[in-house]
Amino acid sequence: MDTTRTATEVASIDFPTAELNFVNASHNGTHLNLNITNEGDDVMNLDDAYLTLDGGRILRISGAYSTSDYIFSGEVIHVSLVIPAANAPARVSVSAWGHNSAMVVS
Amino acid sequence: MADGGTSEMIMLTAALIIAGIVSSVLLASFDGVSDSIAIQNSDTRVDAQTRAALVGDPMVMNWNGVTNNMTIHIQNTGSAQLDPNVLQVRLSNEVMTIQSASANGPSNLWTAGSLMTLNVTSGTFSPSSGDEVLLTIIVQSELYGGSRGGYSFTEVIRID
Chain V
1 MDTTRTATEV ASIDFPTAEL NFVNASHNGT HLNLNITNEG DDVMNLDDAY LTLDGGRILR
61 ISGAYSTSDY IFSGEVIHVS LVIPAANAPA RVSVSAWGHN SAMVVS
Chain Z
107 MADGGTSEMI MLTAALIIAG IVSSVLLASF DGVSDSIAIQ NSDTRVDAQT RAALVGDPMV
167 MNWNGVTNNM TIHIQNTGSA QLDPNVLQVR LSNEVMTIQS ASANGPSNLW TAGSLMTLNV
227 TSGTFSPSSG DEVLLTIIVQ SELYGGSRGG YSFTEVIRID
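Chains as they are written, first to last, in the numbering used here: chain V, 1 to 106; chain Z, 107 to 266.
Since the hints were derived computationally from the structure, they do not count as laboratory data.
Just so you know, these numbers come straight off a predicted model, no measurement behind them.
Derived contacts from chain V toward chain Z, CB cut-off under 7 angstroms, selection only:
#1 G56
#2 I58
#3 W97
Far from chain V, some chain Z residues (derived; all Cβ distances over 10 angstroms):
#4 S113
#5 L118
#6 A120
#7 I127
#8 A134
#9 T173
#10 Q187
#11 N214
#12 L215
Each residue gets a CB set at the ideal place from its N, CA and C atoms; glycine is no exception.
Work out the full structure: start from the sequences and follow the hints.
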């Protein structure tokens, strides 16, 4: 009985399947503009999602996007960061719950 | 008749004693098996709840050739809290020295979903830009009911 219950508990551990990917990433001289979508099944708390610029600077998406706390499946959010042209990253990545997605900034 | 009754009584007593010994041995053995299954279940459950993943761009991992170190971000992608004191980082199978480790979870704990930022260094490992190396991370959970969960993953990263 105990074994059965434990096996059920293990099987029922439900890790998020949110998959954040870039729709596009661009820099207009003053701002880095990122459109990010959730291609997974679950709602993602933006506290758990991170942006990396050129593999160095890392920031929580929730710190850069204040419109909502969550991104729903199929939703696209627009994140805009003030970054002067001199420091514009060439590449960005978004990571959450084991899923990484990267894109070259146009 | 009386002799026969006595020997039957002796046989019966002997049979009862043997049966008692066998049953107590079996009960002790079942207890052991049951305990062992319970421990295994606990280990399996914590193992299943222990997960971690690299945060960042594996194609652009900055290695500082001057200070000979690298910053790595690891997210706790499980549901068990992870123990930063039993963390191991390997680059090209070489165990790295962890210079600093800080988690951004509540009370700086490495809770589910939170990020651990590590600075790692090595006295001998000095990759060049463009090198592609194996990064291995080994994590363990905090103790849950006397059991720790374990998890490891390996990714190819490109040194920038």
